[in-house]
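Trainee: The chain contents come next:
Protein chains: 2
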Amino acid sequence: KALKIQRKWLARWVVMMLIGVGTAAVATVIEVSIELCAKYKFYTLTELTKMCKEDELCLIIPLVVWMLINSVLVCLGCLLVTKLEPQAAGSGIPQIKCYLNGVKIPGLLTLKALLAKVFGVILSVSGGLVCGKEGPMIHSGAIVAAGVSQGRSRVFNKDFRIFEYLRSDTERRDFVSGGAAAGVAAAFGAPVGGVLFSLEEGASFWNQLLTWRIVFASMTATFVVNVVLSAVHGHPADMSNPGLISFGKFTDIRYRVIEIPIFLLMGALGGLLGAGFCSINAKLILFRKKNIRTTTAKVLEAVIVAALSAVSSFVCMYVISDCAKNEVQGEHRSGRLKFTCPDGEHNMLASIFFKTPEEALVDMLHDKTDAYSVRSLIVFVPLYLLLMCWTCGLSVSTGFFIPSLLIGAAWGRLVGVFIHRYVPWVHTDQSLGIYALVGAASQLGGTVRMTISLTVMLIECTGDVTFGLPVVMVLIVAKWVGDLFNGGLYELQIQMMGIPLLPWEPPEMSYDITAQNVMNKPVAVFRTTETVDRIVQVMESFPHSGFPVVEHYQPGNIDSSTETFGRCKGLILKSQLLLLLKRKCFKPRCGSANLNNSNSDSIRLEDFRDAYPKHMGLLEVDLTEDERKCILDVRPYMNPSPYTVTQNTSLPRMFRLFRGLGLRHLIVVNDRNEVVGMVTRKDLAKYKLKSRGVNVELQKMHIHWE
Amino acid sequence: KALKIQRKWLARWVVMMLIGVGTAAVATVIEVSIELCAKYKFYTLTELTKMCKEDELCLIIPLVVWMLINSVLVCLGCLLVTKLEPQAAGSGIPQIKCYLNGVKIPGLLTLKALLAKVFGVILSVSGGLVCGKEGPMIHSGAIVAAGVSQGRSRVFNKDFRIFEYLRSDTERRDFVSGGAAAGVAAAFGAPVGGVLFSLEEGASFWNQLLTWRIVFASMTATFVVNVVLSAVHGHPADMSNPGLISFGKFTDIRYRVIEIPIFLLMGALGGLLGAGFCSINAKLILFRKKNIRTTTAKVLEAVIVAALSAVSSFVCMYVISDCAKNEVQGEHRSGRLKFTCPDGEHNMLASIFFKTPEEALVDMLHDKTDAYSVRSLIVFVPLYLLLMCWTCGLSVSTGFFIPSLLIGAAWGRLVGVFIHRYVPWVHTDQSLGIYALVGAASQLGGTVRMTISLTVMLIECTGDVTFGLPVVMVLIVAKWVGDLFNGGLYELQIQMMGIPLLPWEPPEMSYDITAQNVMNKPVAVFRTTETVDRIVQVMESFPHSGFPVVEHYQPGNIDSSTETFGRCKGLILKSQLLLLLKRKCFKPRCGSANLNNSNSDSIRLEDFRDAYPKHMGLLEVDLTEDERKCILDVRPYMNPSPYTVTQNTSLPRMFRLFRGLGLRHLIVVNDRNEVVGMVTRKDLAKYKLKSRGVNVELQKMHIHWE
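As you go down the protein sequences, you meet chains A and B in turn. Residue numbers for the first sequence follow our numbering, so the first one is 66 and each next one is one higher. Residue numbers for the second sequence follow our numbering, so the first one is 66 and each next one is one higher.
Keep in mind the hints are simulated off the structure, nothing from the lab. Do not take every clue at face value.
The following residues of chain B were derived to be distant from chain A, with all beta-carbon distances above 10 angstroms [to be verified]:
id, residue
1, M116
2, D234
3, R729
Computed footprint of chain A on chain B; a stretch qualifies when at least three of its residues, placed anywhere within it, have a C-beta under 8 angstroms from a C-beta of chain A [to be verified]:
id, segment
4, 281-289
5, 425-439
Chain B side only, calculated, beta carbon under 8 angstroms to chain A, not exhaustive [what the hints assert, rightly or not]:
id, residue
6, V257
7, V322
8, M574
9, N713
In this text, a Cβ means the ideal position worked out from N, Cα and C, and glycines have one as well.
Generate coordinates for the entire structure from the input sequences, incorporating the hints supplied.
Mentor: Printed below as a string of structure tokens:
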């Protein structure tokens with residue numbers, strides 16, 4: 066027994082290491098593929114534009130080629146996602162958040178989803194969509210974690226017979242937290258930020274031991290990505306590639322106390338822009354739900370966006386045509402395009418559009434004050450913002466961290482240029498990096514409204530702690546301002562999915578709402594020994610995932626309103642009942658003789674574990690007419706001490722039970738311990754505080770749960 | 066009502082800001098006072114040694130002066146702590162941890178404790194004890210938070226009538242978390258690290274909204290300290306003093322993959338040393354509990370340690386007498402002492418001993434490879450370690466973060482010198498900073514066993530994220546190795562205090578222990594209407610802080626073992642009962658006529674709030690013989706839906722209830738909802754997993770709770 070505990074302990078650490086390595090491998094594949102694609106694509110385009118020396122009409126050729134490349138790649142990516150696994154669309158972060166919160170989403174953590182996600186993001190980033198590859202890394206990490214921790218694959222029908230004792234809901238959820246953290250760590254080179262992300266978004270219960278393991282997974286991921294990418298780039302021992310994105314080294318950027326109000330204003334602006342983005346996005350999701358339903362329509366929309374991205378940026382580059390002198394500068398000098406500029410100069414907008422968003426962001430943060438003309442930036446920001454709005458929510462695998470940062474950096478730069486030109490004594494430093502950074506932080510913060518994890522991620526990306534203070538302040542202001550209008554992007558997306566996610570705290574003014582007001586009744590209950598027939602009937606008519614087990618109960622008169630449903634003895638899960646029925650663990654005392662007696666005791670804890678996490682339907686259970694008359698004794702299998710509350714328990718108290726313990730159902734009993742109702746997450750999530758002008762009132766929302 | 070919610074919301078933010086400012090003010094006072102004292106003291110000593118040009122015997126004068134200064138200062142500090150508030154001894158971190166975990170410690174958060182803490186730490190650091198000022202900052206921040214959030218002072222008997230609605234256990238605990246975080250932020254200039262510290266050590270329930278406020282408090286503290294200290298040091302707009310300690314700027318330190326195993330070994334060494342320190346410390350605490358009980362003895366011990374610190378370092382400096390050439394170097398060049406060295410040189414050990422530990426640490430991290438001779442370091446490490454062991458646990462206000470870091474940095478440097486000398490191809494960089502840093506991290510990590518918050522704190526102190534990876538790895542290894550031997554320092558100290566702190570997870574193998582096994586019975590219960598006489602009697606004989614309220618119960622035959630104690634109707638707290646008795650809220654139907662009828666309804670929620678947080682004793686309640694015969698109806702005041710569990714609930718399930726919801730007592734009922742027992746924190750904290758060789762078994766510890 067002691068050995069088993071030690072093996073379990075060791076297995077947990079080993080699995081976390083494997084998760085780190087696996088996530089890092091996925092990250093490397095994505096990074097290298099996108100790098101190659103982007104290189105080849107932009108090389109082709111550059112060559113094609115170079116061929117058009119004087120003849121401007123000839124520029125139509127690179128435009129068409131660009132459109133074609135983008136459309137084909139995005140079309141493939143969209144087909145992959147829609148056909149293989151629709152859950153792989155978008156960043157997957159809201160879904161992972163739901164999963165960590167205790168809501169199961171079918172198909173989310175499968176091998177198919179991983180394939181669709183990874184190759185989908187490669188195709189959509191290479192296809193020139195306004196998106197990044199960082200968000201999907203979080204989902205990928207989570208899938209890797211879910212797969213590795215089970216030690217088997219259902220698709221390949223292969224069971225390695227390792228980590229068997231880790232097959233349970235709680236363990237799996239812990240590993241998925243680790244995977245999400247490793248994903249962030251691999252994407253941003255931010256191990257601590259990753260841990261915080263997974264705690265902030267997922268954990269409802271801070272557990273130090275688990276935190277250690279999560280730290281280990283994210284560290285492993287960062288380390289492996291660092292070593293492998295450094296080796297790929299030709300300097301193996303140097304460890305200079307901590308993640309998929311690095312903001313580059315900021316050297317000696319200073320800011321003065323007097324600039325802090327400016328930063329705060331920028332935070333407010335970011336909050337406004339973010340809130341706008343979120344509400345447009347919510348409207349788009351609704352629109353798509355109604356009008357874009359078929360695969361053809363989805364692919365068509367994606368292809369249109371891809372083509373439009375190419376055309377609009379090309380037209381802008383041509384129309385604006387701001388040129389800057391080429392100077393011999395250090396790094397990050399790819400994507401420089403002469404275009405219609407005179408010799409020795411390059412097009413400013415092309416140096417944003419002719420590279421991946423990650424490269425553009427690094428340049429935006431580090432380039433000299435006059436690297437981009439005001440005109441170019443003013444055109445770029447709204448155009449890119451619109452394209453991002455449209456892209457986010459397409460049926461392709463996309464992230465929007467980097468585009469948000471890029472837009473923020475661009476308008477941050479604009480603010481910086483303005484300050485530099487009209488009140489030069491405020492900002493004495495030559496570089497505009499700090500303005501770009503603050504703008505980037507406020508744009509992203511205004512959109513996702515994450516707090517401390519985003520701060521740490523940004524700090525880890527810049528590699529410098531001195532920006533911590535302005536970044537935190539800006540993020541807080543952005544969140545405040547954004548929250549005046551709506552919830553963060555993930556919140557809205559989760560709301561749109563119709564998932565009952567509980568907020569952090571019970572709504573105010575809910576103290577006079579009691580269990581009696583929110584509970585569901587009549588309750589579907591089972592007696593300790595119940596006929597198979599009734600079990601099947603009840604499960605067919607009630608979609609619940611758990612049922613109270615009672616004594617002294619006569620079924621039949623279920624609709625009498627004052628009735629109680631027998632004395633509470635325990636709780637049994639639907640999944641357990643299904644397995645019991647499938648294995649035919651009936652009492653031998655039922656009439657039919659062809660039942661094997663030994664069956665009744667043959668089911669064990671291991672069997673329940675082995676069935677995890679696949680969910681059976683009722684259809685998979687085959688029962689004869691005779692078997693339906695048998696009797697099932699649920700007492701050996703039920704949970705004998707479920708959490709219960711009395712009728713007059715207040716809503717906040719139930720809320721804390723659900724939130725703090727991650728419950729899914731709660732039995733409501735009267736003071737004689739008789740079942741009177743059931744409360745689920747949905748019943749609590751309904752209550753929201755709404756402000757109407759100066760008045761605040763508690764509303765019961767009527768959401769249509771799917 | 067809506068207005069009230071908004072005012073509450075605003076008040077919470079305002080209080081957090083005030084906490085930040087207040088903590089920063091305390092930090093500034095401590096910093097500036099210590100700076101002045103240290104400057105004056107070391108100036109005097111330097112002048113005295115300079116006077117002894119040739120005559121070595123004359124060096125006895127500075128030695129005696131040093132001893133005297135130290136002894137007097139430490140004597141004052143010790144008197145302050147023992148006389149004013151003994152809870153101010155040590156760092157206060159274990160106590161704060163207990164408080165945040167739900168255990169109340171009288172005197173911990175009072176104005177007296179703050180005064181003793183602040184002036185105590187100034188005196189002990191100036192008095193040359195081997196201690197730092199950072200640990201006490203956390204306690205100070207917590208006290209500031211507790212005071213500010215109540216908006217009144219009992220000592221000055223002044224009630225500002227603001228923040229009244231924040232007077233509750235939960236709110237106060239939230240603010241104390243914020244104060245602790247602000248303390249860390251002010252001490253280390255690490256706002257994010259502070260937040261993580263308070264979450265890691267205190268929170269059992271991650272709450273995003275609270276986290277935001279804590280971030281705000283720590284940020285405010287960092288910001289104010291930064292501005293004020295920068296102004297004090299003469300460059301107000303520069304913001305270069307983020308905290309009380311900064312590790313200085315590391316420029317371009319590199320490490321190679323091949324060095325990582327070395328770092329890991331250093332982590333293991335740190336774990337060993339830390340475990341040793343912890344176990345010596347635990348033994349010392351026991352020894353002191355037995356033998357050093359009077360104020361005189363405590364002061365005497367402190368004075369001896371102070372004098373000894375001076376003598377031993379002086380003797381070392383004299384005996385070792387390693388000299389190094391003075392070079393013209395940039396910063397941090399205070400504390401350079403010629404001593405017995407030839408002209409143009411200085412004593413190496415003196416440049417550690419002749420300054421505050423903070424300054425010594427910064428030098429240790431940044432000085433050139435040959436700044437300290439191997440001999441000096443080899444003498445310094447064990448001497449300082451011994452002194453630290455002895456100092457930690459004295460009745461003075463001390464922290465041990467900085468001394469731990471200093472010792473670690475010293476032996477880390479030793480390792481670095483060794484590598485540099487014998488395998489120079491491993492470490493190609495000239496600077497030994499990374500070795501000093503890794504050593505410092507592993508020493509501290511091996512002692513306190515904190516995880517992610519310590520990482521972030523160290524990263525924020527160095528201002529460079531590239532050290533994150535080695536630091537995290539080293540901290541994990543140090544924790545693993547240390548945990549093989551014993552718990553972390555705080556854990557041990559809390560154990561020694563006899564406080565039932567629950568670990569993070571229920572012990573393994575405890576699934577077959579049920580509520581029936583751990584519960585206390587007989588239970589002291591009250592009927593819904595109870596005679597005052599019985600209430601007083603029960604409260605006199607049972608020290609519990611909460612009592613179940615029941616129906617259908619006949620007191621008297623309390624010791625019958627199979628008995629139940631009536632049907633559970635609610636729970637009433639001792640503090641509520643005391644207030645009810647004091648206000649004489651009895652039922653008018655009791656015999657005496659001199660009772661004012663209106664009393665029975667005159668008590669309200671506000672009255673309970675107003676009484677908070679002072680705890681009355683039973684002695685304060687004056688009852689006449691007649692009043693004792695009255696009847697008290699507790700129903701309007703009790704909690705009508707307390708958390709209950711059934712007899713066969715497993716220990717891990719109860720554990721999660723206590724841990725996740727911060728409970729103090731849990732009523733055990735049978736399946737007819739009749740009270741059969743009570744479970745408290747202590748009952749759960751008793752079970753610990755013990756490993757004996759290869760066997761692991763669950764033990765019920767017999768701790769004598771005080």
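Trainee: Let me know if the C-beta of M574/B comes in closer than 8 angstroms to any C-beta of chain A, holds or violated.
Mentor: Holds - the Cβ of M574/B comes within 8 angstroms of chain A, reaching about 7 angstroms at its closest.
Trainee: Tell me if V257/B is really an interface residue toward chain A, meaning its C-beta lies closer than 8 angstroms to one of theirs.
Mentor: holds, 6 angstroms
Trainee: Grab the minimum beta-carbon distance between R729/B and chain A and tell me whether it stays above 10 angstroms.
Mentor: holds, 15 angstroms
Trainee: Count the residues of the segment 281-289 of chain B whose CB lies closer than 8 angstroms to any CB of chain A, then report whether that count reaches three.
Mentor: holds (count 4)
Trainee: Verify this label for me: D234/B is non-interface relative to chain A, using a Cβ-Cβ cutoff of 10 angstroms.
Mentor: holds, 14 angstroms
Trainee: Does the CB of N713/B sit less than 8 angstroms away from some CB of chain A?
Mentor: This hint holds: N713/B lies near chain A, its Cβ roughly 5 angstroms from the closest one there, short of 8 angstroms.
Trainee: For the segment 425-439 of chain B, do at least 3 residues have a Cβ located nearer than 8 angstroms to some Cβ of chain A?
Mentor: violated (count 0)
Trainee: The output says M116/B does not contact chain A. Does that hold with a beta carbon cutoff of 10 angstroms?
Mentor: Holds, since 44 angstroms exceeds 10 angstroms.
Trainee: With 8 angstroms as the cut and Cβ atoms as the points, is V322/B at the interface with chain A?
Mentor: Holds - the Cβ of V322/B comes within 8 angstroms of chain A, reaching about 6 angstroms at its closest.
In terms of the numbered hints stated before, the structure departs from hint 5 and from no other.
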